[in-house]
Structures are given as structure tokens and as C-alpha cells.
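Q: Based on the sequences and whatever the hints tell you, model everything.
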Amino acid sequence: SQKIEQNSEALNIQEGKTATLTCNYTNYSPAYLQWYRQDPGRGPVFLLLIRENEKEKRKERLKVTFDTTLKQSLFHITASQPADSATYLCALVDGSGYALNFGKGTSLLVTP
Amino acid sequence: EPEVTQTPSHQVTQMGQEVILRCVPISNHLYFYWYRQILGQKVEFLVSFYNNEISEKSEIFDDQFSVERPDGSNFTLKIRSTKLEDSAMYFCATRGSGLSYEQYFGPGTRLTVT
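Protein chains in written order, with my numbering: chain A, 23 to 134; chain B, 891 to 1004.
Hints were generated in silico from the structure; no laboratory data involved.
With a straight-line cut-off of 20 Å between C-alpha atoms, the simulated SDA-like cross-links for lysine to any residue are: (1) A:K126 to B:M979; (2) A:K77 to A:T90; (3) A:K81 to B:Y991; (4) A:K25 to A:S118; (5) A:K81 to B:E992; (6) B:K932 to A:F68; (7) A:K25 to B:S948; (8) B:K932 to A:N46.
Some, not all, of what chain A presents toward chain B, calculated at C-beta under 7 Å: (9) F68; (10) L71; (11) K126.
To be clear about the criterion: a stretch of chain B counts as covered by chain A if any three or more of its residues have a C-beta under 8 Å from a C-beta of chain A, and this derived list gives those stretches: (12) 933-940; (13) 945-955; (14) 990-1003.
We put the CB at the ideal spot given by N, CA and C, even for glycine.
A: Structure, rendered in C-alpha cells:
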């Protein structure tokens, strides 16, 4: 069956450091992968999409890599800030209706 | 910036009652979705809707669930006879065109079934 796995443990880092979150998947051959941010009690917010032919994508302090051989994506936040504290979700498209299949997410806590 | 809105923000209902959750999609978006998130669990897909019909649904979306776009603007999710296990956050999401893959989520409706 198709699976998306993200670090189940919360990631605690100090302000200013780089946070790196991992997303691994099995039984998918995705054309693209997406990352979302979710704050407690709120809906997911789209951050970045990376296509299978892109090794890396950047947006401001965010960087995503996509290795289709390893079946893995890494999500980096550089110069992290307390406002970056949230749960980050990896998502792949599942089916013809472009429904998203989400991982459980990794909780990030950035402390001053 | 356009956003997806959902009402109500919180709905409390008794087991066996019908509930209707409402969503107003972003105006020029064509693809609509419902997801749910049980407390502490991952976001799960329920159903996708395009061109006034269901395009895909998950195993969760059984005969107790239905969706419609009654007036060309609102997008609704109906649960006919709620169960305790339907308690969750329900998110509406929309997508623009066929070439836009990112989805825009509403703030959610917290459904509590007692």
C-alpha cells in the first residue's frame, strides 16, 4: 500500500538554526510532491511544490529537495524563527481527482 | 487575498442527527475537496468534486455522506446520521485549474458528536 512517512518525533531547534524535516514515501511514483504548514486548529497552508524533474526548489527561507531514487524529500527552513513553529505536512497526489494523501506531519518548535 | 471560508466553525450534534457543513470556495476555482482530521491524526481525504459531480471518493465517504453545490457558490458536505466517530475537524479545499496542483484549505469546522 502507498505510505508517506515523516519524523514522528517533534523537532526542537534554536532560533537562527536550520530545521530539516524528512518525508519518505513507498509505492508511489509521484510527478510532484507538496509541503504544507498546519497551525493548531487551522487548515493546512500550501508552501511549496516540487516536480520530479526538479532536484531543489527555494522560496525565501524555505528549501525543498526531491530524490525520486531514494523516494525522499527534505524540507529545510534556514534562519528559523519562533513564528516558524508549526506542524509541517508532506503530501502526494493520490488518484485521478488529485486528492492529497498527507503524511502525519512533523511538529517543529523553534525556541528563542 | 481570496480565501476559502467555512461555516459553522464549531458544530455540536447528537448521534443520529444530520449535519450540513458549508464551504464557500475561492471564486474562480473549479475543483473542490473535503478532508477530515480526527484529533491527533493525519488529514484524510474524503471526496473530490468537479463539474458538479464527484470525481473521486475515499473508503471513508460511505452512504452516510453526500456533497453538493446547491447554488453555484456554496459547496456542502452532509452527514445523514452522525456517529461518535464522525467527530473531527472537517476541511474544505479548492484548487484552481487543471494545471494548478496546490490546494487552498478553509479554516475548518470542528464537528463534535455526543
